[in-house]
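Asker: Here are the chains, one letter per residue:
Number of protein chains: 2
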Amino acid sequence: MKNVKLTIEYDGTNYSGWQIQNNAITIEQVLEENLKDITGENLKIIGSSRTDAGVHARGFVGNFLTESKIPSDRFRNILNSKLPEDIVILNSEEVELNFNSRFNSKGKTYSYTVLNTPQKPAIGRNYVYHFRRDIDLALMIEASKQFIGTHDFAAFKSSGGNTKTTVRTISSLKIIKQGDYIIFTVTGDGFLYNMVRIIIGTLMEVGLKRIEAKRVRDILISKDRTMSGPCVPPEGLCLEKVYY
Amino acid sequence: MKNVKLTIEYDGTNYSGWQIQNNAITIEQVLEENLKDITGENLKIIGSSRTDAGVHARGFVGNFLTESKIPSDRFRNILNSKLPEDIVILNSEEVELNFNSRFNSKGKTYSYTVLNTPQKPAIGRNYVYHFRRDIDLALMIEASKQFIGTHDFAAFKSSGGNTKTTVRTISSLKIIKQGDYIIFTVTGDGFLYNMVRIIIGTLMEVGLKRIEAKRVRDILISKDRTMSGPCVPPEGLCLEKVYY
Chain E
1 MKNVKLTIEY DGTNYSGWQI QNNAITIEQV LEENLKDITG ENLKIIGSSR TDAGVHARGF
61 VGNFLTESKI PSDRFRNILN SKLPEDIVIL NSEEVELNFN SRFNSKGKTY SYTVLNTPQK
121 PAIGRNYVYH FRRDIDLALM IEASKQFIGT HDFAAFKSSG GNTKTTVRTI SSLKIIKQGD
181 YIIFTVTGDG FLYNMVRIII GTLMEVGLKR IEAKRVRDIL ISKDRTMSGP CVPPEGLCLE
241 KVYY
Chain S
1 MKNVKLTIEY DGTNYSGWQI QNNAITIEQV LEENLKDITG ENLKIIGSSR TDAGVHARGF
61 VGNFLTESKI PSDRFRNILN SKLPEDIVIL NSEEVELNFN SRFNSKGKTY SYTVLNTPQK
121 PAIGRNYVYH FRRDIDLALM IEASKQFIGT HDFAAFKSSG GNTKTTVRTI SSLKIIKQGD
181 YIIFTVTGDG FLYNMVRIII GTLMEVGLKR IEAKRVRDIL ISKDRTMSGP CVPPEGLCLE
241 KVYY
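Quick mapping for you: the protein sequence lines, in order, are chains E and S. Letter by letter, the first sequence follows residues 1 to 244 of UniProt numbering. Letter by letter, the second sequence follows residues 1 to 244 of UniProt numbering.
In isolation and in its complexed conformation, chain E is listed as follows:
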């Protein structure tokens, strides 16, 4: 028995997210079906997160236990030769038997990309949230600082998801403008269900001057989901890195 850790890039456009479900194709399912072909075993991959439909990843981590004699570092090339082109294994390596991608995660970095132009895009449309109206970046940056630190993020969580506590720590939240793109990069010890997308949605409301920049702190204290902004669409979101 050995424990193999995979680092995975995927384009989530054509999938109903990571986690296996009925009547929908998911990334976990495609990987497990391919691993069954390769090893003959009915393997379960433990994933670092449950990304939603349309969300992408450049550094998703999963691990599985196997009796296979295939060297752990060979799984990368074997899987890549079989997988559809929207899922790529970046690395495969043996890890200690007690390593668990989900529970051993110490933190994650997500990016979120907004394309702020009057005209919707054709090229690259699956990787951005297209947003037409002018937004005030300085206000958004001012507001973003209030998320840094340890807070109860109950107001920034969709219903669903099972977590003991809604307290999380955000260590970094950066907003940069690159041409017509606004790129958010957020790092924290963990994220509640839809937390990143609701934080970005709230910052967009600040940028539109519909929520005052200084009110973020009050919204955190309220723990009231109806006080925060909308959950922005999935296609702008990308899981960049998982830390162990």
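No lab work stands behind these hints: they were computed from the structure. A few of these clues could be false.
Heads up, incomplete: computed chain E residues facing chain S, CB under 10 Å, no partners named [as the list claims (entries may be wrong)]:
id, residue
1, Tyr10
2, Arg58
3, Asn91
4, Pro121
This structure is a prediction, so every number in the text was calculated from the model and none was measured. Don't be surprised by glycine CBs; every beta carbon is placed ideally from N, CA and C.
Position chain S against the provided structure of chain E, taking the given hints into account.
Answerer: Quick look at chain S alone, frame taken from chain E:
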């Protein structure tokens, strides 16, 4: 009767290029079908180029003659409300009756994007030519200068296409590196069939030290297609702008 000029962005991934053909879906076909729904007329769109399958455009130009009473600038929004999301009309405007997108073109700018990483990409894979091996950018830039000016580009043309002369003028060919991306931007008065992709393919051979940088001039003089490099894949190519 009026003449309407369209400026079009498209993601060419799911199309067999611009021009109508049997048993394959093309961008021209999708646009003409939608224009028929809108105007009731069997219109023909004259396109500035015939992009190949998988090639993209950020500034393709087409024009059509119509008896429709719809204001020319309204075609943009009407078409955008009906078109699939991989084709977007950026602008529609009335032009003089004798304007012809193809024959009045004074020049074009194309970009070509290479992703130079060991690992193939999942995200954005349809917009880049993924190239694994190390290439020498300085040699490529040195070689690229020999393309500037007026030359007979017979050695840089695939068979097919109907042109009276193989003489063309390239006014600019820039190569920049942005992270793992190498972006070529080339402007000329016109391009032969596959000319941009064969020029890039030749420069890649120079970067691999399989063609000497100074030999580009000899290949031009040879007019011999067997002397130049391969035609690189379509997905890295994008028609950026057409000049009138």
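Asker: Please list, smallest to largest, the hint numbers that this structure does not respect.
Answerer: Per hint list: zero violations.
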